[in-house]
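Whole structure, please, built from the sequences with the hints as guidance.
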Amino acid sequence: MVRIFKELNGSFNSGIYDLEKNRYQHWNPSPLPLWKSSLSATFSKESALFMVRSPLVERTYNYLRSTHCPDETFWTTIAGNPHILQMPGGFNASLWKEKLIGAWDKSHPNANVTLDAKRRSYGLYEPETYYIARYQIWNNYNFRKLKNRCLGKFTAESCAFGVDDLPTLANRPELIGHKFYTKFQPAAFFCLYEHVRQRALSGNTDFNVSAYGELPGPKLLSGTSHVHKAVRRKETTSRTMKFVVLSSVLWAVAFSACDSGWSFFPKTNSCYRHFNEQKSFNNAQTSCRALNASLASVGDINENNFIRTIATMGGDAGTWGVMPWLGGYTESPNETPIASLEWKWNDGSAFGFTNWCPGDPNSSHEKCIHMVVDQCPMCGSYFKLGCWNNLECHNIVPYICKKPNVAA
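Numbers in my numbering are just positions in the sequence shown, counted from 1, shifted up by 26.
The calculated lysine to any residue pairs, modelled on SDA-like cross-linking and capped at a C-alpha distance of 20 Å, are:
| # | residue 1 | residue 2 |
| --- | --- | --- |
| 1 | Lys393 | Trp382 |
| 2 | Lys429 | Leu317 |
| 3 | Lys209 | Ala186 |
Distance ranges between label pairs, derived from CB positions:
| # | residue 1 | residue 2 | range |
| --- | --- | --- | --- |
| 4 | Arg91 | Asp44 | 18 to 26 Å |
| 5 | Leu121 | Ser313 | 49 to 57 Å |
| 6 | Ile422 | Leu177 | 44 to 52 Å |
| 7 | Phe210 | Ser358 | 40 to 48 Å |
| 8 | Leu177 | Glu361 | 58 to 66 Å |
| 9 | Val78 | Ser358 | 40 to 48 Å |
| 10 | Gly378 | Ala182 | 26 to 34 Å |
| 11 | Leu121 | Arg225 | 30 to 38 Å |
| 12 | Ile327 | Glu418 | 21 to 29 Å |
| 13 | Ser366 | Asn165 | 53 to 61 Å |
| 14 | Phe210 | Glu418 | 42 to 50 Å |
| 15 | Thr208 | Phe379 | 16 to 24 Å |
Hint data in this document are derived by calculation from the structure and do not stem from the laboratory.
As the structure is a prediction and not an experimental result, all values here were calculated from the model.
We put the beta carbon where it would ideally sit given N, CA and C, even for glycine.
Written out as structure tokens, the structure is:
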């Protein structure tokens with residue numbers, strides 16, 4: 027993924043459509059000319075910070091909040107108006123539509139035209155050749171005829187991918203696949219997740235990312251697209267831009283300014299990092315404190331799964347698997363009945379949500395909590411992955427640190 031983002035070279039990747047008139051807020055003028063995009067976009071960290079700090083972006087966001095599907099209007103509107111808003115990595119949406127892509131009013135998925143007519147309406151670039159933020163198949167007669175048709179089922183007007191879609195999904199260039207439903211063939215999601223995970227962990231250097239650098243966005247950055255000169259010099263020479271991918275929730279990741287090596291979770295507005303170095307609970311907490319962090323607290327199952335994913339991607343499995351310290355502990359005396367143990371988070375968070383492994387907690391002498399991230403080779407199938415086990419605090423295991431997002 028990092029290599030892909032380096033090839034994208036700071037370019038803003040979003041869909042470009044004419045906006046339907048019914049999406050306008052008729053009683054107030056728009057701060058910017060409006061464009062329809064898609065609910066997913068990729069862009070650099072510099073672009074994200076620019077959005078956070080721009081009063082014009084904020085006014086546009088507030089305007090769109092009361093319009094239909096604002097998340098499908100926001101991205102190209104703020105990136106595609108360089109004569110008004112000089113967005114790092116941005117582009118001239120009018121130029122793309124009229125000179126590069128062609129007659130989008132005829133190629134829109136909802137247009138009542140034949141597939142051949144759609145193809146004839148394109149200019150230099152078809153959408154499949156430039157928009158790589160998200161892959162989605164709409165429930166539309168013309169789209170059903172496409173080679174990569176939906177083999178799952180259509181719901182809410184678009185494809186919920188199933189297991190028969192996996193060969194296609196595994197080879198698509200897009201960064202997000204939309205959508206999966208756990209109530210419909212959940213194996214499709216989990217198999218694809220495992221495929222991507224193994225591909226990442228294997229360190230496969232045969233994956234060719236050069237095609238991403240040939241997309242029109244990266245190429246236009248050195249020519250016709252509008253970018254701050256200073257930003258352009260940085261993007262086209264260092265090629266070390268940091269990217270974020272946003273889907274569905276406006277602003278979630280745009281407010282992230284986590285340090286390098288840390289992962290952002292929007293729901294908690296916090297940054298997380300897994301450390302493989304094995305330490306006791308107290309020493310791990312000391313190490314986190316030195317980074318202005320704390321051993322991780324967990325507020326709900328979503329945060330729990332996020333932490334498990336980070337540790338899975340960064341952990342080295344030893345005899346006991348990947349089982350990092352969390353920030354949970356108890357100071358209850360050893361003679362305290364297990365059911366009466368009072369657990370706390372060392373960052374002061376309320377200890378409400380729990381995700382204990384079967385039979386845990388099982389000893390009042392084991393006063394610190396760690397997570398079972400990967401299957402313990404010597405434990406059989408006793409543990410469910412992502413569950414918590416209590417352990418004596420002097421044991422040395424990896425650990426997860428958590429700290430507030432510095433952009434908050």
